[in-house]
Amino acid sequence: MSEMATKIFEESLNKVVLVQLKGGKTIRGKLYSFDQHMNLVMEDAEDITESENAKKLGTLVVRGDNVVLISPPPNR
Amino acid sequence: MSEMATKIFEESLNKVVLVQLKGGKTIRGKLYSFDQHMNLVMEDAEDITESENAKKLGTLVVRGDNVVLISPPPNR
Amino acid sequence: MSEMATKIFEESLNKVVLVQLKGGKTIRGKLYSFDQHMNLVMEDAEDITESENAKKLGTLVVRGDNVVLISPPPNR
Amino acid sequence: MSEMATKIFEESLNKVVLVQLKGGKTIRGKLYSFDQHMNLVMEDAEDITESENAKKLGTLVVRGDNVVLISPPPNR
Amino acid sequence: MSEMATKIFEESLNKVVLVQLKGGKTIRGKLYSFDQHMNLVMEDAEDITESENAKKLGTLVVRGDNVVLISPPPNR
Amino acid sequence: MSEMATKIFEESLNKVVLVQLKGGKTIRGKLYSFDQHMNLVMEDAEDITESENAKKLGTLVVRGDNVVLISPPPNR
Amino acid sequence: MSEMATKIFEESLNKVVLVQLKGGKTIRGKLYSFDQHMNLVMEDAEDITESENAKKLGTLVVRGDNVVLISPPPNR
Numbered sequence: 043m044s045e046m047a048t049k050i051f052e053e054s055l056n057k058v059v060l061v062q063l064k065g066g067k068t069i070r071g072k073l074y075s076f077d078q079h080m081n082l083v084m085e086d087a088e089d090i091t092e093s094e095n096a097k098k099l100g101t102l103v104v105r106g107d108n109v110v111l112i113s114p115p116p117n118r
Numbered sequence: 043m044s045e046m047a048t049k050i051f052e053e054s055l056n057k058v059v060l061v062q063l064k065g066g067k068t069i070r071g072k073l074y075s076f077d078q079h080m081n082l083v084m085e086d087a088e089d090i091t092e093s094e095n096a097k098k099l100g101t102l103v104v105r106g107d108n109v110v111l112i113s114p115p116p117n118r
Numbered sequence: 043m044s045e046m047a048t049k050i051f052e053e054s055l056n057k058v059v060l061v062q063l064k065g066g067k068t069i070r071g072k073l074y075s076f077d078q079h080m081n082l083v084m085e086d087a088e089d090i091t092e093s094e095n096a097k098k099l100g101t102l103v104v105r106g107d108n109v110v111l112i113s114p115p116p117n118r
Numbered sequence: 043m044s045e046m047a048t049k050i051f052e053e054s055l056n057k058v059v060l061v062q063l064k065g066g067k068t069i070r071g072k073l074y075s076f077d078q079h080m081n082l083v084m085e086d087a088e089d090i091t092e093s094e095n096a097k098k099l100g101t102l103v104v105r106g107d108n109v110v111l112i113s114p115p116p117n118r
Numbered sequence: 043m044s045e046m047a048t049k050i051f052e053e054s055l056n057k058v059v060l061v062q063l064k065g066g067k068t069i070r071g072k073l074y075s076f077d078q079h080m081n082l083v084m085e086d087a088e089d090i091t092e093s094e095n096a097k098k099l100g101t102l103v104v105r106g107d108n109v110v111l112i113s114p115p116p117n118r
Numbered sequence: 043m044s045e046m047a048t049k050i051f052e053e054s055l056n057k058v059v060l061v062q063l064k065g066g067k068t069i070r071g072k073l074y075s076f077d078q079h080m081n082l083v084m085e086d087a088e089d090i091t092e093s094e095n096a097k098k099l100g101t102l103v104v105r106g107d108n109v110v111l112i113s114p115p116p117n118r
Numbered sequence: 043m044s045e046m047a048t049k050i051f052e053e054s055l056n057k058v059v060l061v062q063l064k065g066g067k068t069i070r071g072k073l074y075s076f077d078q079h080m081n082l083v084m085e086d087a088e089d090i091t092e093s094e095n096a097k098k099l100g101t102l103v104v105r106g107d108n109v110v111l112i113s114p115p116p117n118r
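As you go down the protein sequences, you meet chains A, B, C, D, E, F and G in turn. So the first sequence is numbered by my numbering: it starts at 43 and just counts up by one. So the second sequence is numbered by my numbering: it starts at 43 and just counts up by one. So the third sequence is numbered by my numbering: it starts at 43 and just counts up by one. So the fourth sequence is numbered by my numbering: it starts at 43 and just counts up by one. So the fifth sequence is numbered by my numbering: it starts at 43 and just counts up by one. So the sixth sequence is numbered by my numbering: it starts at 43 and just counts up by one. So the seventh sequence is numbered by my numbering: it starts at 43 and just counts up by one.
In isolation and in its complexed conformation, chain A is listed as follows (with noise of 0.2 Å):
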């Protein structure tokens, strides 16, 4: 990752993020851990793929090749 998206990452560290996964599912939760592959560690995390039907899911590890893009909280 370049510095920056390693800065963003960090400054959204235990804030609610949103990530876009491959296959469509949009998974939101509380950042909790990352490495440079953008493995992550979520908690309290939900799928809300289905906006009127959110999922809760908890503690969640997504293997970071599914990542297509994350999007930390509005007022970082």
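Heads up, some of the hints might be wrong.
Stated by the list, open to error - To spell it out: a stretch of chain E is covered by chain G in this simulated footprint if at least three of its residues, at any positions, have a beta carbon under 8 Å from a beta carbon of chain G; those stretches are:
hint, segment
1, 61–72
2, 76–85
3, 99–111
Stated by the list, open to error - Facing chain F, from chain G, some residues (calculated, C-beta under 8 Å):
hint, residue
4, Gly65
5, Asp77
6, Val83
7, Arg105
In case anyone wonders, no lab produced these hints; they're calculated from the structure. Even glycine gets a Cβ: it sits at the ideal position worked out from N, Cα and C.
Given the structure of chain A, go ahead and fit chains B, C, D, E, F and G onto it with the hints provided.
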């Protein structure tokens, strides 16, 4: 994997985890072993993709490159 | 593969295993050989994707990168 | 990236670019940072896949392996 | 490939094999040559994906990364 | 790239080429730069996937792993 | 490529070959050049995916990772 992801995997050993795979399959079972590629050994596993029609699979080896996300048990 | 995954493969040699492949195919047959990429040699294999219409395939070499999961025989 | 591609990325910093992703998504936003894998940081980004229904995403980190093409602003 | 897989390939040289490819195509033909990536040369090959409508292809070079599985002749 | 492929790319610089991408998109535009991964910079590019509905894209950077084939101008 | 595959490619130079690509496209044209990744240069190429509606493409560079199989001319 980040140190934190490894810690979560280690804490989940011998506990029931949820694994979502590329292609849409969801597996629930006891995590018996893992490696740094997220190759997994699971026991008492079930394919719960169709929640009303779980299929018992018993012991499983999952090839890590199929893993999208892993969710450890809620009360770790 | 983790040591544990290798152990399960070794214990499954010459026993009937279930192999699920990317794309949705399921193969059942005797595991004759494997390597660390999960390339497999199977014997007396059948394509049981459509359970009511099994197709005999005999001896098979499966390219490991197609493997999603492998399930050893229940009573190992 | 070729020297020319890098030059175009550099000239596009802090300008609005269009990014097309694998799977069909189109993102428009200010390019804030990039690296040689085309990992991108964007700001004030919107998902404009459905042009009549843009979704505000704010700051984004895009994993480079999802990028199909990037179009810098017309008047560079 | 494992030693055993290589042995099966070697025993299948100049014999008719069945090759299933990613995307669902099935090719039948004489195995003329192979390498460790499963790149194959086949002769008198036919595309038998639609069994009632085989298409003659003659000599073929198959790029190994497309191979799902290979089935040697039944009476080896 | 083979020496011949590189030669064709070089001869096509500043000429209009047709680029077909994975997923079915076709881009037409002036080839401005390329590298050995087939990362491309194009100018005055149009998305001509739907031939009766070309979309102007202007300058483009195409990530090489999306390229299926490139067709230089007919009269080189 | 195996020595045999390379030999078939060499014998096919300047002859008409059939190339099947991932995604289902079929190209017919004169093989002008190749490298060990199966990157190809073709001349007088046509997209014959829809056999009753061939599209002339002229000279082509095909990125090798898209190739499924190549069929040299019948009477080599």
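Verification of the hints:
Residues of the segment 61–72 of chain E lying with their CB closer than 8 Å to a CB of chain G number 5, which satisfies the three-residue condition for coverage. For the segment 76–85 of chain E, the stated coverage by chain G holds: 4 residues have a C-beta nearer than 8 Å to a C-beta of that chain, and at least 3 were required. Proximity of the segment 99–111 of chain E to chain G, defined as three or more residues with a beta carbon under 8 Å from a beta carbon of that chain, is established by the 9 residues found. This hint holds: Gly65/G has a C-beta 7 Å from the nearest C-beta of chain F, less than the 8 Å allowed.
The interface hint given for Asp77/G holds, since its Cβ lies 4 Å from the closest Cβ of chain F, which is under the 8 Å cut-off. Because the smallest distance between the Cβ of Val83/G and any Cβ of chain F comes to about 5 Å, under 8 Å, the interface hint for this residue holds. Against a cut-off of 8 Å between C-beta atoms, the interface hint on Arg105/G holds, since the closest Cβ of chain F lies about 5 Å away.
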